[in-house]
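Asks: What follows is the residue order along each chain.
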Amino acid sequence: MMNTWIYARNLVVGLWIVFKRTFTKPVTVQYPEEQPYLPPRWRGRIVLTRDPDGEERCVACYLCSAACPVDCISLQAADNPEAHERRYPAFFRINFSRCIYCGMCEEACPTNAIQLIPDFEQSEYARRNLVYEKEDLLISGTGKYHDYNFYRMAGVRTRDKDKGQGEHELPPVDVKSLMP
Amino acid sequence: MATIIVDNKSYTVNEQQNLLAACLGHGLNVPYFCWHPAMGSVGACRQCAVKQFKDDRDQSGRLVMSCMTPATNGTRISIDDPEAKAFRASVIEWLMVNHPHDCPVCDEGGECHLQDMTVMTGHVYRRYRYQKRTHRNQSLGPFIRHEMNRCIQCYRCVRYYRDYAGGHDLNVFGSHDAVYFGREQDGTLENEFSGNLVEVCPTGVFTDKTFFHHYTRKWDLQAAQSICPHCSLGCNTTAAERSGTLRRITNRFNSQVNGYFLCDRGRFGYEYVNSPHRIKRAVMRQKRHPSQLGTTEGVPQPLEFTADCVRQARGIVGIGSPRASLEANVALQSLVGPQHFYQGIDEQEGQLLSTILKVLQTGPVPSASIHDAEQSDAVFVLGADLLNEAPRLALALLQSIRQQPMEQVDELKIPRWDEAAVRNAVQNRRGPLFLTGYQRTWFHEYATDTYFAAPDDIARLGFAVAGSIGQGAPSVPDLSTEVRDLTQRIAEALTHAQRPLIIAGTESGSQATIEAAANVAWALHQQGKQPRLSFVLPECNSVGLALLGGGSLNDAFDAIRRGKADTVIVLENDLYRRAEQANVDAFFETAQTVVVIDSVENGTTAHADVLLPAATGPESDGTFVNQEGRAQRFYQVFVPDGDVKESWRWLSDLGRATSQEGGSESGVATWRNFDDAVSATAIAAPMLARIGEVAPSASFRLVGQKVPRQSERCSGRTSLISHLTMHEPPPPVDHDSPLGFTMEGYRGPLPSPLISQFWAPGWNSIQAVNTYQDEVGGPLRDEMPGVRLIEPVATKAAGWFTTIPRAYQPPTHQWLLLALSAVFGSDELSNQSPAIAERIGKPFLSLHPSDGARLTLEDHSTIDLVLQGTTYRLVVHLDPSTPVGTAGLSLVPEVSGVRVPAWVDLLKAIQTEQTRRAA
Amino acid sequence: MERPLTQHIHPDGTTRTLREYVKTGGYRSLQRLSSGLAPKDLQRLVTDAGLRGRGGGGFLTGTKWSFVPMGADAQKPKYIVANGDEMEPGTFKDRVLMEGDPHGLVEGMILAGYAIDAEIGYIFLRGEYHLSAQRLTEAIAEAYAAGYLGKPLPGMGFRFDLHLHASAGRYICGEETALINALEGKRAVPRAKPPFPQTVGLWGKPTVVQNVETLYNIPHIVNQGSDWYHRLSRTQDGGTKIYGISGRVANPGWWELPLGTTAREVLERYAGGMADGVRFRGLLPGGISTAFMTEEHLDLPLDFSSIPPEVGRLGTATMIVLDDHTCPVRFVLNLEKFFARESCGWCTPCREGLPWVARILMSFEEGRATSEDLSLLKMHAKWLAPGHTFCGLAPGAMAPLQSALKYFHDDFERHISTEGCPWSKKSSQQRVLV
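Chains as they are written, first to last, in the numbering used here: chain A, 747 to 926; chain B, -8 to 910; chain C, 194 to 627.
Just so you know, these hints were derived from the structure itself, not from any lab. We put the CB at the ideal spot given by N, CA and C, even for glycine. Fair warning: there could be bad hints in the mix.
Some, not all, of what chain A presents toward chain B, calculated at C-beta under 10 angstroms [to be verified]: (1) L784; (2) P785; (3) C814; (4) G889; (5) D893; (6) F896; (7) K909; (8) K922.
Straight-line Cα separation of at most 30 angstroms, DSBU-like style, residue types lysine-lysine; simulated pairs [claimed, not checked]: (9) C/K379 with B/K123; (10) B/K404 with C/K379; (11) C/K386 with C/K575; (12) C/K599 with B/K76.
Could you build all of it, start to finish, from the sequences and the hints given here?
Replies: Below, the structure written as structure tokens:
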């Protein structure tokens, strides 16, 4: 007899809790109309960025591919016909089906070229569509780091920056001068 | 031996060394820049500072440079002393003051000695906040890139280039922090050993330009041990690949052969592997109607077709090659039978080779390694142009001339590693080096005496020297005074030396030169000295093939011409480089079926009915025997694409296909993997018995593991081919060797034939070789530097060679056309590299000025020369070192069909502008 | 007071001819050679006299000569080289001697050559000393004509040949081994010692490099003996010394005085004290690669043994005075700029460290210095020490810096705290271009 009352009481309590919920605000986020807030450092899709002067930042140094724990980045430095052209990747490929979004590549990159941005919307039906080439990765902006232009810091000569024109550089030494 | 105390621990060291070398030999990490194991110490960079204490009570000590301090018994130092560590970090800080922020775009990154030393000293913070000095670069030619901003002024480049390699056009300019290392004007670096600058320079100032064109970081490279195929010296190299392209060649240390250095031909001549003229598919052509038939599953059609031809042949001719591996040659010999196997070299070369082998096998004098040559204290070279034929040997002789003056250095108690002091004490004194030949090069300025003469006269000089030294040796009676005096000087120098060396070459085609060299060596031996002999041969496996034996090319031509055979298999040999064009054409025309196994298109492959794509050296395993008789193993770096396979594998498949109907397999058909090839080679000729000892067999494992070809950081594995397919196939399995095509495997001490890349923790650059040596600069730990197959058994010579040629007197209107080897241009494979091709000179004919006058030719004029039926356009070089009555023909590709030596009536054969106009 | 080196030098700047020179006893010492003074006797004489090198090192000359291998087995030819490269800023004493009395150098070299069995001598002369070059060339020609050079000396087998070589420039050529390299036609980079030039020197042969002023002393020692030489000086080191003073003193110049004269005496008695309106703050005793001496040190005898190592060293004894209207930081900046430019570029600390030091001092000058800069300066003063660098240029460069940091530390601090040079804020007329 006692058990029946306990059973009935529990049933009513349960139903009451459920009923109360009719009037509370749902926590459902109506994605994709509502987007979640993701901080800027949230590790999502990988992009290749450009420097403030509009040239691609990637100098094909291979540090990102070396740092990647799953070896999903491969690239090849292009052979520049003139030695003072910028170095850039002839191809740059990321296999996103392997990428674990750890951000080691961004940490390794010395030019702030490769960055992870808060975008997770990469789902595909076919795995082969998760292989991104340079055209898929290169964006037109500077990404999260707005000011850095590697070639202004480096010593090499490029189209836009001659020897001695970088930050903290003296004009090139004149070897043939007799002055002390 | 001495005992030194380092950080309160005792170590046994060789007291002839300096402290730096002694510490490095014990695995103690002392940083350095300007010291180099082959070039000694100069004390410039101050990086190697350690704290030295007077005794065990001395608490303060003083900083000394370990590279300039002798490792005397009882020396007490500390490497970990805080002041020493702080000073070393400061040295890096000073070097970083002007160093550009280039690492991401610098080719040296990842194998940079400066990076390693920076990490080793622990300097991290940049406190210098002023401006950096910058430099303009120079274009230094197709081999080397120049980026002077990165220079840390270690002075190694000029010390190497000028002092070690004898070059003149690289120097240091300016002073204080504006010193500049470069040429006086932009231009190609002239020295044939300039390529070593990329390894000698500890930063990215001098880098490999050919590598830059397809740059890969060191950690991404798949590498394996290789042997340079471009001359007969057999320098050890490491060939490295990525994504199916061979990327670069670097030096692989071998204490007996190449040591730390290569020549430019070997370093930059590798692009034939990537050539667009590579044969990638097995091709079957109906005679003269080339068409390419694809391969079906299983046995490719060309193989079937060839097997049929072989089975049905009336007779078969197998032509081997001195640039193919031993195993490939043995495979061919096994397939066709020894009586049908031909060496694929001309009669004269074969004769010379067999004389050389006889001299080395039956005589009492051993052959010299390059290391022996470096240690020689008197050298007599008969007729070989070492700089162009065997460059690394010339580099060794530049060091040999330092041996004799070392006596005085020792008397002055100057340690031999104190390089600057040694050079100041020695000044311009040199040991005896006698060079004879028929073309002067810059190398001759280091000779004690030079003698330019026709081959017969050079041989006569050799015989005269032998006659002067040896009792009973035939002498040469009718010599000029000048030559008699020279004979005396040479004989005296050789007899007073401790380690005399006699070198002779085969380029002149002179049998007498070889015999004269043997007489000299035997005479010295008879007098109780310890001479060595060295013969410069044309190709990387000339000796190997000669030890195997086989008929001459003429005999092969004969067999086809007389109808005794109708099927030809040519192994890796362009016959147009071996015989007159008319004969080769006839040979190919007459043969019913021509099967060619080769890697790059050439004149012979164009005549193939069946063309089977052979793997190049870096794509296969094999053994070469160098001019010393040293058998050395090279390994496959990567699996080639297309139908490309090792030659021996083609032949073994062919053997199996041929014997399919017959039932049981025998010979080459039984070969399943490379070990089988080696075993068969070991029994193919008595002198080859020790081939198996060269390197561990394919089943060799360490702790059950293979030896990886890739570094642990080899990257990009999951995206390298993901644009082609999402499948990730397992890496290929190598059944032929203990090496693996992966990153996995054993990473501890290895037998030296299995070491491809030198690396140690903290030592990512080529300086890591130090960690593999017990005494830095000496042999690798437990080194197996190849197996010398030919050692003398006799205790004395059987008898002298007595055929002394008469003094050279050309018939009227006849000139002896002689071969002038060109380091860039004469070697078949390296010519395919664009960088090497850029350095090949225009073909020229060199004549003595008096002959030039006689033929009314002007220096640098252009002529047309008709040789053996073809007209060649040549430039005239009037050169007093060209012997009168001879003419030198530079062996560059345009004239590769010419057979030399040969008699030519130049009066008739030359057409100048005038005669052409007059005609 | 005897002034053997300079007593006959014309005050009007003209030179002394051979005839004049011989009349006052010149070349008389050569007669002693033929009358039984063997090379080893000459060496002993010079050792007993206590002659020390006047190039700045102060090394006993006789001892230096004793390291040269003698006898029939010794390598030949041997060389005696006069270091006339006088490029130490502030130093002009050798120039005085060479312009005023060139034959004294010739005679000194013949004697020095004889002492070490060297039959060939070179005078390595600073290229900018045109007048000295001209006068020495004439003197050498006169000596050849008179038979002192080029022919065996009367009654002897010994003959001496002397060559004048004018340097192509650079301070580092004053370093003896760099000088030898320059003479050989190589880059003027110093050599490591050992081996010393006495065993492996010019062209690999035994060589002694001697300062010009030192060589001038030798004929007088030979003529008058070692006791006389000792009597000339005030302290244990024998002989006289040319002392000089430049800077804001009443009477800058040079004077030949007994070795061991105090700085105060030279400054106050001979140079007339400081100029009007300025006070003494310190002086560099011997060219710029020496440490500052201040008021408290003025009574030390200026010789090679009396100055304690923690105070400094004598150097060349041509002093540069710092007055209180001159910024010590700017003073030292000028010196360090010189040293940075004159580094040969061989070893790392000097080549990279000195320009850094100069730039730090520039930032003091410009008011951009921080206290980290002070510790950087001290770090360099500590690291650029003998043995740490390849030669003595960098340690010499650090001597004025280190002592300036010691004695004028407050001035450095004020540059930082006031973000500028306190001296520039004073009257701009007083700006000193050192």
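Asks: Please list, smallest to largest, the hint numbers that this structure does not respect.
Replies: The structure conflicts with hints 1, 2, 4, 5, although it agrees with all the remaining ones.
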